[in-house]
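Colleague: Taking the hints into account, I'd like the entire structure generated from these sequences.
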Amino acid sequence: MEPASRLEASFCGKCRKQFVPVRAHCSSCRGRTERIYIEGRGKLRTFTTLFVTPDGFTPPLVIGICELDGGLRVLGEIGDYRARESLTVGEPVRVTEKEGKYYLLLERPA
Amino acid sequence: MTDVYIRGVGMTKFGPSERRLEDLMYEAAVTAMSDAGVDDVDGVVVGAMSPESFTGESNISAFITDYLGLVPKPTMRIETASSTGAAIFDGAFFALASGFFKNILVLAGEKMTTLSTGAATRILSEVLSPQERRQGGTMPALAALITRDYMHTYACPREALTYIAVKNHRNASKNPYAHFQFEVDAQRVETSKVIADPLRLYDCSPLSDGAAAIVMTTEKTPIRVAGIGHGTDFVALTQRESQIHFTSTRVAVKKAFKLAGIKPAKIDVAEIHDAFTPFEILGCEDVGFFEPGDGWKHILNGETEITGPLPVNPSGGLKARGHPVGASGLAQIIEIVWQLRGAAGLRQVDRKLRYGLTQSVGGLGTSNIVTILEKVA
Ligand SMILES: [Zn+2]
Chain A
1 MEPASRLEAS FCGKCRKQFV PVRAHCSSCR GRTERIYIEG RGKLRTFTTL FVTPDGFTPP
61 LVIGICELDG GLRVLGEIGD YRARESLTVG EPVRVTEKEG KYYLLLERPA
Chain B
1001 MTDVYIRGVG MTKFGPSERR LEDLMYEAAV TAMSDAGVDD VDGVVVGAMS PESFTGESNI
1061 SAFITDYLGL VPKPTMRIET ASSTGAAIFD GAFFALASGF FKNILVLAGE KMTTLSTGAA
1121 TRILSEVLSP QERRQGGTMP ALAALITRDY MHTYACPREA LTYIAVKNHR NASKNPYAHF
1181 QFEVDAQRVE TSKVIADPLR LYDCSPLSDG AAAIVMTTEK TPIRVAGIGH GTDFVALTQR
1241 ESQIHFTSTR VAVKKAFKLA GIKPAKIDVA EIHDAFTPFE ILGCEDVGFF EPGDGWKHIL
1301 NGETEITGPL PVNPSGGLKA RGHPVGASGL AQIIEIVWQL RGAAGLRQVD RKLRYGLTQS
1361 VGGLGTSNIV TILEKVA
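Just so you know, the protein sequences line up as chains A and B, in that order.
Numbering-wise, our numbering puts 80 at position 80 of the first sequence, and it's gapless, one number per residue.
Numbering-wise, our numbering puts 1230 at position 230 of the second sequence, and it's gapless, one number per residue.
Read the hints as simulated data drawn from the structure, not as lab findings.
Ideal Cβ placement from N, Cα and C applies to all residues, glycine included.
One or more hints might be untrue.
Claimed, not checked - Computed Cβ-Cβ distance ranges for the label pairs, DEER-style: (1) 88/A with 1159/B: 17 to 23 Å; (2) 96/A with 1187/B: 41 to 47 Å; (3) 1292/B with 88/A: 19 to 25 Å; (4) 109/A with 1292/B: 34 to 40 Å.
Modeller: In C-alpha cells:
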C-alpha cells in the first residue's frame, strides 16, 4: 500500500478557500491563512513536453497540471518522461512535493 | 471627462535591428510627432518591459525624454509585462481625460535580439510565478498547457492553429513594418520544430526589436478613443478561476464596451494578442466576438480574414508583425488607426470602418487591456 499523498496547503476559514502552494494571506479577503494538509490525488488536466528548456533543466521536460479531487490545481513535473507519448487528459495522478517542487506521479497499473 | 483623440502615429519596422533602443524609440517618436503636426508635447509616457535586462538601461523615461529634446516636460515609465504598450496608452488616456494635459506622447520600445534566445526566454519567463518558474515553466510552456486544455475542452483541431499562423503570415507579407514579410504554408507550420507540444515554432511570436509611438490629444481629430478597460488576474495560472480563458480580458472588455456605449457586434476590425496562435482564438472569445469554444470554427470558416466579416490581425499580429514585447500593445493600436484612416496599404480592409478594437495580454493574462477606437470624422 502506498502511503496517503499529503500536500501542504493554506486555508482561509472565513472564505473556506484552500491554496497550493501555501500563501500567508487569503487572495480574496487578505485574512491570515492557516496551514493544513490535503489529499494530493486528482486527474491530469493538461500537460506539455518542453523541447526548449530554461537553464538548469534538461529537455525533454514534461510538466502538467493536476486537478485535485477538491478542485485545486497544481503544476508539477511528470518525472517519468518516457510516459510522455502515452499521457492522456483525465488520467489519475498523485502529487508529491520535494524540496519546493511538485511532482505528478502517474497512477497506472504496474 | 474630456474626450481623447489620436493625433499622430509612428513606428519602426519590427524585427532584428542593429540600432540602439533609444534610436528606435527616437524614430517612432519623431514620426508620430510629424504625423501629428506638433513639435512639442505636454508630457511623455514611456513603455518598455525590461530594458534593464535586455540592454542594461534604467531610468529609460528620463533618458528618452532628454534624447528627444523634450526636457523639462514630465515623463514616467509604465510597465505591465507584454501589455506595456497598451498600458502607457491607458495611463495617458486618463491623464488627458482629466483635462490637465492637452497633448501627450506615448512611446514604447524593446530591443530583444542582442541576447541569445535562451537568455531572452529566461528574461521573459521572469514574469511568471516563482513556483511555476521553479518547475521549469516558461512562456511557451504555460501557453502550451493552456492550449492543450482549450483544444481538449472544445475539441479544437490542430488545423485551427495552423490556419491562424498561415493567415497572419499572409497579412504580414503585405505589411512593410512586419518582422516576417513572407507567407508560409500549412506543411511548413506543421513540420516546424516542437517548442512545447502542441505548440510548434510557427505557433510562437518571434523575439523582435522595434518601437511605436502615438501623440494623444484632447483636440478633436478623426480618430476618437471610444473605450478602454484594464483587468488583472492571479499571477499563477493554477490559481485562476479559468485557465482556458483570460478573466482579465473579460473584465477589461466589459469596461471598454461600457465606456464606448456599444456591443461587440459593432466592431469592424480587431488586433488580438496572438503571442501564440491559440491566443487569437481565446482572445476573440474573451472579447465577445464568438461564444466560448466556437472561436476556432469561425476562424476556420474564414470570418477573420481581411476579406471576411470581422478581420482579425490584418497587420500580421504579434505572430508575424513581430513582438518587441513592450511595444506590441501600442503597435496594435497604430494598426487600427491606419485601418480606420484607410491608410493600411495592401492589407487595408476594403469597406467602411467605424470601430476597431485591440486586446493586449500582459504576463500571460495578469494585466490585460482592451481599447476601442472610433472614426468620427
Ligand atoms: Zn479569505
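Colleague: The structure should be examined with respect to each hint, and the outcome stated for every one.
Modeller: Results of checking the hints against the structure:
Look at residue 88/A against residue 1159/B: about 21 Å separates their beta carbons, and that is inside 17 to 23 Å. Between residue 96/A and residue 1187/B the Cβ separation comes to about 42 Å, which falls inside the hinted range of 41 to 47 Å. For the hinted restraint 19 to 25 Å between residue 1292/B and residue 88/A, the CB-CB distance of approximately 23 Å keeps it satisfied. Checked against the hint of 34 to 40 Å, the C-beta distance between residue 109/A and residue 1292/B comes to roughly 36 Å, which is consistent with it.
Violated hints are absent here; each numbered hint is respected by the structure.
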